[in-house]
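J.: So the protein lines, in turn, are chains A and B.
If you read the first sequence in our numbering, its first letter stands for residue -6, the second for the next number, and so on.
If you read the second sequence in our numbering, its first letter stands for residue 21, the second for the next number, and so on.
Hints are computed from structural coordinates only; laboratory data are not their basis.
All C-beta atoms in this analysis are idealised placements derived from N, C-alpha and C, irrespective of residue type, glycine included.
Please note that the accuracy of each hint is not assured.
[As the list claims (entries may be wrong)] Derived EDC-like pairs (lysine to aspartate or glutamate); straight-line CA-CA distance at most 16 Å:
1) K270/A to D33/B
2) K391/A to D349/A
3) K63/B to D439/A
4) K125/A to E70/A
5) K125/A to D71/A
6) K270/A to E130/B
7) K26/B to E141/B
8) K415/A to D404/A
9) K26/B to E67/B
10) K437/A to D33/B
11) K253/A to E216/A
12) K91/A to E70/A
[Said to hold, decoys possible] Here are the computed distance ranges between Cβ atoms for each label pair:
13) A93/B to E277/A: 30 to 38 Å
14) R127/B to E361/A: 54 to 62 Å
15) A93/B to R310/A: 39 to 47 Å
16) V467/A to E130/B: 35 to 43 Å
17) R127/B to H182/A: 54 to 62 Å
18) R127/B to D431/A: 26 to 34 Å
19) A218/A to E130/B: 28 to 36 Å
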Amino acid sequence: MAERPSRILVVDDEVGMRDGCRRILASEGYEVETAEDGQAAMEKFRAAGGFDVVISDLRMPRMGGMDLIEALRALDEDALLLVITAYATIDTAVDATKRGAYGYIPKPFTPDELLLHVRNGLEKRALRIEAKALREERERRLLEVAFERSKSTTILHCMTDGVLVVNREGRIVLRNAALSRILPSCSDHPLPVPVAEAVELPELVSMVMEVVQAEAQVIASREIAIGPCTYMVNAAPVLEPSGETLGAVAVLRDITALKKLEIAKSMFVSMVAHELKSPLATIESSLDIVLSGIAGSDPDRDRQMLQRARLRASTLRTLVSDLLNLTAIQTGNFRLKRQHADLCAIVREAVDAQSDRAAEKRIELLLECGDPSAVDPILADTNAVRSVVSNLVDNAIKYTPEGGHVHVRVDSNGLYARVIVKDDGIGMSPAERDRIFDEFFRVKNDYTAHVPGTGLGLTLVRRLVDMHQGRIEVDSAPGKGSVFSVSFPTVSYATGM
Amino acid sequence: MSEGRKVLLVDDDVDLVAVNRAVLESHGYTVCVAHSGPAGLQKAKAERPDLVVLDVMMGTNSEGFDLARALRADEATRGIPLIMVTSVHTTVPFRFEPDPQFLPVDRFVEKPLPPESLLKEVERLLA
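Given the sequences, and given the hints that come with them, work out the whole structure.
T.: Right, here's the structure in full:
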């Protein structure tokens, strides 16, 4: 019941009535206020923030009881209104009730009559308010449940994996939007529908049925191809708390991209195996010739065979080492130690290391560095840069016939420091130039047949340059030589200072 | 008998060619070599060998097949027996047996081919 005393407003133009009612009600512990007409009552009602009960006479100046009833109802639909009047008729009673009055007390009335009406009214009001509160709470709960259910449904339909649920009899009872996308023909069938009817993939159907019908709990996993895509399908039983099988749920995940990666990897492995097998077979044959004597014995020729075998073995070792580096880069295990580096110094080192080789072929190997202080420092891994330059100079020497020229130059423009390797060797066709950075690609012609190489050198060069956010450009024409330019960002450009 | 018999070896692997050449020459054959398809065709027309041994894959995947077809297409070289050396990774189109239409060779052998085996194959075809 109410913690605070109920508040009652008595509205009557007769002062005697007002005081009389006040005394009666106050003695019961109610809080009472009075007003002499409708308008005053409205003001009092608003000012007090409402009353639990309003007892009102009908005939009053300014605003009468009937109008007051209506006005109060508008303000507070829970307001309890009791009408008291000397002019009691059935019609007025009905009218007052229609307008929202709760009760009707004809004057004169005894104090007990008044109190009874008030007490009943208050009880009713309390019940009504409680019922209202309960109703509101139930609505809120229902809303929450609906929201939860709709939340789950929304989540289900936003999933990228397809979800399919069948019941014990193998009928589809739930599928999400993703599944309808994966199996468009399935969504044509309204649910529930036997899975064999709606799904045109015997593998998926048998998987799901296997799980549903299994005696013990079975979880099935399979890769299934659907059109051009591959899906990993996982099916599990849907269980009741008692452990009984209610049905099965299958989740379809698109692994097409993963599959492509797998295929690409195994192709690469295949390529590598092939690239390793041939040279090894040749080395073996060369050694066999010398050891078995099947080609007779010719010391000079035999010596040549052995030297060739050795060179081939050395190239193979470089191949393996290059492959390891490439794999390290690809898997992200290759760590660069970036520091301030002097491109001129690095290039000089690399060029000096090749000077003997160039001399053997009577190739003129020149380096033009200009003023070292004019070349800005680069932010780079010194070993990586040296590797890049060595590779380019090595290639230039390899693909330039005897008596040719290889010129190396270093310059910078503030943003990039650049090394340019120019040779007047055999050059390349546009088709060859497009492929030189591909793994294992080597230009094949009568000249290059005698040039050892792995086909991975430039692949590595390109990767290393990319890792430094650098650039590599190639200019070449058959018979006219080649120009390779590699640019590395300077420290100021790289750090944005 | 190998007297006066000329064999043309076509393979981009110079060391392998050198090995095979050594074996054949030491058994009395005359050997000429080429390291690419186009060079092989030229040599075949110029030297008119009694047999050609060609590697299936040189610069490109089809270089060996292209050479075989070119040799068959040309009157001068049509009649020369061909031995084609393949590797396990070669995808042989459609057939495994020599086929006049697609694979105009007389014999397939697989890499790596021990020099003695090459010798035997050559002797057999030229017998």
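J.: Each hint should be assessed against the structure and marked as holding or not.
T.: These are the hints, each one checked on the structure:
| no. | hint | verdict |
| --- | --- | --- |
| 1 | K270/A to D33/B | holds (12 Å) |
| 2 | K391/A to D349/A | holds (13 Å) |
| 3 | K63/B to D439/A | holds (12 Å) |
| 4 | K125/A to E70/A | holds (11 Å) |
| 5 | K125/A to D71/A | holds (10 Å) |
| 6 | K270/A to E130/B | holds (13 Å) |
| 7 | K26/B to E141/B | holds (14 Å) |
| 8 | K415/A to D404/A | holds (14 Å) |
| 9 | K26/B to E67/B | holds (8 Å) |
| 10 | K437/A to D33/B | holds (10 Å) |
| 11 | K253/A to E216/A | holds (14 Å) |
| 12 | K91/A to E70/A | holds (14 Å) |
| 13 | A93/B to E277/A: 30 to 38 Å | holds (36 Å) |
| 14 | R127/B to E361/A: 54 to 62 Å | holds (57 Å) |
| 15 | A93/B to R310/A: 39 to 47 Å | holds (42 Å) |
| 16 | V467/A to E130/B: 35 to 43 Å | holds (38 Å) |
| 17 | R127/B to H182/A: 54 to 62 Å | holds (60 Å) |
| 18 | R127/B to D431/A: 26 to 34 Å | holds (33 Å) |
| 19 | A218/A to E130/B: 28 to 36 Å | holds (33 Å) |
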